[in-house]
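Chain H: place on chain E using the hints.
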Amino acid sequence: MTDSATMPQPVSFGRRVKRFMADRPLIPLIILLIILVVILQILRPGIVNERWLANTAKFAIPLAILAGCQTMTMLTGGIDLSVGTVATMSAFIMATQIVNQDPAVAFLLAMLPAVLIGLVNGIGVGVFRVHPLIMTLGTSLIGTGFLQVYQRTVIASGAKIPDFLNWLGTGVTYGFPNALLLFVPVAVLIVFMLNRTGFGRLLYAVGDNERAARLSGVRYWQVITALYVLSSLLAGITGLLYIGLIKAPSLSLAEPLVLPSVAAAVIGGTSIFGGRGGYTGTIIGALILTVLTTLLTILQMPEGGRRILFGFIVLFVTAAYLRIVEDR
Amino acid sequence: MSHLFRNQGWVAGLFALLIFLFIVTKLIQPGYGSGDFGSLARAVLPYAFAVAAQTVVVIAGGIDLSVAAMMALTSVTAASMMNGASEEYALFVVPFVLAMGFVLGALNGALIVVTRVPDIVVTLAMLFVLQGAALLVLDAPGGAAAEWLKAMITGTVPIPGLPDAIDAWLPKALLVLIVCLCVIWIPLRRSRLGLSLYAIGSSELAAFRSGVPVARTRIIAYALSGLFAAMGGLALTMSTGIGAPIPGPYLLASVAAVVLGGVALGGGKGGLLGPIIAVFVLRLVRTDLTLLAIDPNVTAIIEGLIMVAVVMFGAFITIRGRPAGATP
Numbered sequence: 001m002t003d004s005a006t007m008p009q010p011v012s013f014g015r016r017v018k019r020f021m022a023d024r025p026l027i028p029l030i031i032l033l034i035i036l037v038v039i040l041q042i043l044r045p046g047i048v049n050e051r052w053l054a055n056t057a058k059f060a061i062p063l064a065i066l067a068g069c070q071t072m073t074m075l076t077g078g079i080d081l082s083v084g085t086v087a088t089m090s091a092f093i094m095a096t097q098i099v100n101q102d103p104a105v106a107f108l109l110a111m112l113p114a115v116l117i118g119l120v121n122g123i124g125v126g127v128f129r130v131h132p133l134i135m136t137l138g139t140s141l142i143g144t145g146f147l148q149v150y151q152r153t154v155i156a157s158g159a160k161i162p163d164f165l166n167w168l169g170t171g172v173t174y175g176f177p178n179a180l181l182l183f184v185p186v187a188v189l190i191v192f193m194l195n196r197t198g199f200g201r202l203l204y205a206v207g208d209n210e211r212a213a214r215l216s217g218v219r220y221w222q223v224i225t226a227l228y229v230l231s232s233l234l235a236g237i238t239g240l241l242y243i244g245l246i247k248a249p250s251l252s253l254a255e256p257l258v259l260p261s262v263a264a265a266v267i268g269g270t271s272i273f274g275g276r277g278g279y280t281g282t283i284i285g286a287l288i289l290t291v292l293t294t295l296l297t298i299l300q301m302p303e304g305g306r307r308i309l310f311g312f313i314v315l316f317v318t319a320a321y322l323r324i325v326e327d328r
Numbered sequence: 001m002s003h004l005f006r007n008q009g010w011v012a013g014l015f016a017l018l019i020f021l022f023i024v025t026k027l028i029q030p031g032y033g034s035g036d037f038g039s040l041a042r043a044v045l046p047y048a049f050a051v052a053a054q055t056v057v058v059i060a061g062g063i064d065l066s067v068a069a070m071m072a073l074t075s076v077t078a079a080s081m082m083n084g085a086s087e088e089y090a091l092f093v094v095p096f097v098l099a100m101g102f103v104l105g106a107l108n109g110a111l112i113v114v115t116r117v118p119d120i121v122v123t124l125a126m127l128f129v130l131q132g133a134a135l136l137v138l139d140a141p142g143g144a145a146a147e148w149l150k151a152m153i154t155g156t157v158p159i160p161g162l163p164d165a166i167d168a169w170l171p172k173a174l175l176v177l178i179v180c181l182c183v184i185w186i187p188l189r190r191s192r193l194g195l196s197l198y199a200i201g202s203s204e205l206a207a208f209r210s211g212v213p214v215a216r217t218r219i220i221a222y223a224l225s226g227l228f229a230a231m232g233g234l235a236l237t238m239s240t241g242i243g244a245p246i247p248g249p250y251l252l253a254s255v256a257a258v259v260l261g262g263v264a265l266g267g268g269k270g271g272l273l274g275p276i277i278a279v280f281v282l283r284l285v286r287t288d289l290t291l292l293a294i295d296p297n298v299t300a301i302i303e304g305l306i307m308v309a310v311v312m313f314g315a316f317i318t319i320r321g322r323p324a325g326a327t328p
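Just so you know, the protein sequences line up as chains E and H, in that order. The first sequence stops at residue 328 when you use my numbering, and every number in between is there. The second sequence stops at residue 328 when you use my numbering, and every number in between is there.
Keep in mind that the hints were calculated from the coordinates and are not lab data. Remember, predicted model here, so these are calculated numbers, not experimental data. Mixed in with the good hints there might be a few duds.
Examples of chain H residues toward chain E, derived with CB under 8 angstroms [unchecked claim]:
| no. | residue |
| --- | --- |
| 1 | V129 |
| 2 | L195 |
| 3 | Y198 |
| 4 | A300 |
To spell it out: a stretch of chain H is covered by chain E in this simulated footprint if at least three of its residues, at any positions, have a beta carbon under 8 angstroms from a beta carbon of chain E; those stretches are [claimed, not checked]:
| no. | stretch |
| --- | --- |
| 5 | 120-128 |
| 6 | 246-258 |
| 7 | 288-298 |
| 8 | 304-310 |
Yeah, the Cβ is synthetic: ideal placement off N, Cα and C, and Gly gets one too.
Isolated chain E (complex conformation):
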């Protein structure tokens, strides 16, 4: 990235640190994660053990997948705030439809709203050029409305969590949470897609310079529509995983994950303006946030304080990245 030949004179320590951060954003993140774990161990000696690791992973995985949705949309300069509603919808529909339906049918029914919302988001952003933030906020409001209407129709039949999702969400085999069975393929797929496929490069290209991408023949609206449908599908699958973890279907199940998912992607080094970032950083960002949440719970910080902190983290990190980019 930075060419040392263009900087003949010795650079100051501060600049060197900045350049290092810009070139290898993962290393400071991992250091931060380790520091947080050490603080946790100091505050509560003995808390960091095998069970804690499995538990942290279990809670970090849904967050990491949702943050994956944010990462991909942010690479194009967008954002997807409807992931919480989509995840809640698919989880709620799955839990209520499994009572009377075949699991496969219930699964398809649960994924249907995800695809539809993704499609509407994609068309709104790609064709009508609505700002992604406003578009996804709007579809999530509409989705919540539909969910409330739907809830009335199934109030008599009750809900249950399928055993398989229970196993996937909470189960631990040989010290490894079963959720990794879902997460590892998803993560590999996202990383592979972003780095090695044409679609992934299109996302970077569109986010980096949309006009240049269009002029070189990228069909913007098709890329964006595919992206938002993919993001919604991932959110839907996360919902299924999350219901197996939380085990209480409600109409605001995954809503609390939305802000942290944005924060995780931003901390992980994905630029909210598009064109820069990747999924590996996001995964570490999700881990950092999960450990941070544990830490704040131990320190008895209320939910409100956590949100304030997340807000400032997003702002501070974005401002810091902006400085780094401007410096070069």
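For chain H alone, kept in the frame of chain E given last:
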């Protein structure tokens, strides 16, 4: 000049639409009278202030995503301060809350100017922060409002010398709205500052080169937005008698009304009258849906669809208005 005419034409058309909707309402419900109009005015109040808050920043070329969260914070602050306090104490609470909104809004603007992070990111981060702060003030709906504040928006204004039949059509809530908006907007519009707002909205560079203090104007725009949002928060507390820490659907509604009211999302165009009429239109549509005995949840869906459609339409108009091939 023709530009002015076109703008006024848009507002006039909107006003005609409003009258048409009133006629439709009267047809659906022949008994629709002054009492219903009063409750419409009360329902509009918080929305109208949210829209005013959004309009000021949109005219100045920005966007404020923290409007709804700001309303929630100011509303819970007012409600918890007035809880168990004397009626006179509320005389201190009202200016305090308004000043709080103004200062927090100015903080929004200052963060945008100082960090140089785009407005959409800063106000998104502030949305998290303000939401968290609201939860810290009150973690569940509660608090109280002074009786005279509640009385301020219930009932009608008795004007001596006019028959009661006409008095009845002038609800206090409408008067409060008109007075609050005019007191701020009319002097602003006629001042140098108002001109600067429009100037930085239409072209920041041109404004800067003509000697407009861009940074200061932007901070004031966000401060005014915070002030209007605080009025909206107070209106919420006044009409419900309590404060709720969860932000209502005011963000999307404010953006939709701004677009429908003829204020371009790019900035520099439009006034306050259009968006305010647009709020009445959107609320009246809701009233009509309720009068048609449609399930309130379905009403929420239809409302969401209308708002998304309006925003899409607005974005579409914005693209059409640009030279071909330009990126929005």
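The hints, checked one at a time:
With a cut of 8 angstroms, the hint placing H/V129 at the interface with chain E holds, because the nearest CB-to-CB distance is about 4 angstroms. About 27 angstroms separates the beta-carbon of H/L195 from the nearest beta-carbon of chain E, more than 8 angstroms, and the hint is not met. Using the Cβ-Cβ criterion of 8 angstroms, the hint placing H/Y198 at the interface with chain E is not satisfied: the shortest such distance is roughly 22 angstroms. Interface restraint check for H/A300: the shortest CB-CB distance to chain E comes to about 4 angstroms, inside 8 angstroms, so the restraint holds.
Only residues whose C-beta sits within less than 8 angstroms of a C-beta in chain E count toward coverage, and the stretch 120-128 of chain H has 8 of them, enough to reach three; the restraint holds. Under the rule that three or more residues need a Cβ within less than 8 angstroms of chain E, the assignment of the stretch 246-258 of chain H holds, with 4 such residues. Only when three residues or more bring their CB closer than 8 angstroms to a CB of chain E does the claim for the stretch 288-298 of chain H stand; here the count is 3, and the claim holds. Judged by the Cβ-Cβ criterion of 8 angstroms, the stretch 304-310 of chain H is covered by chain E as claimed, because 4 of its residues qualify and three suffice.
In summary, the numbered hints that this structure violates are 2, 3.
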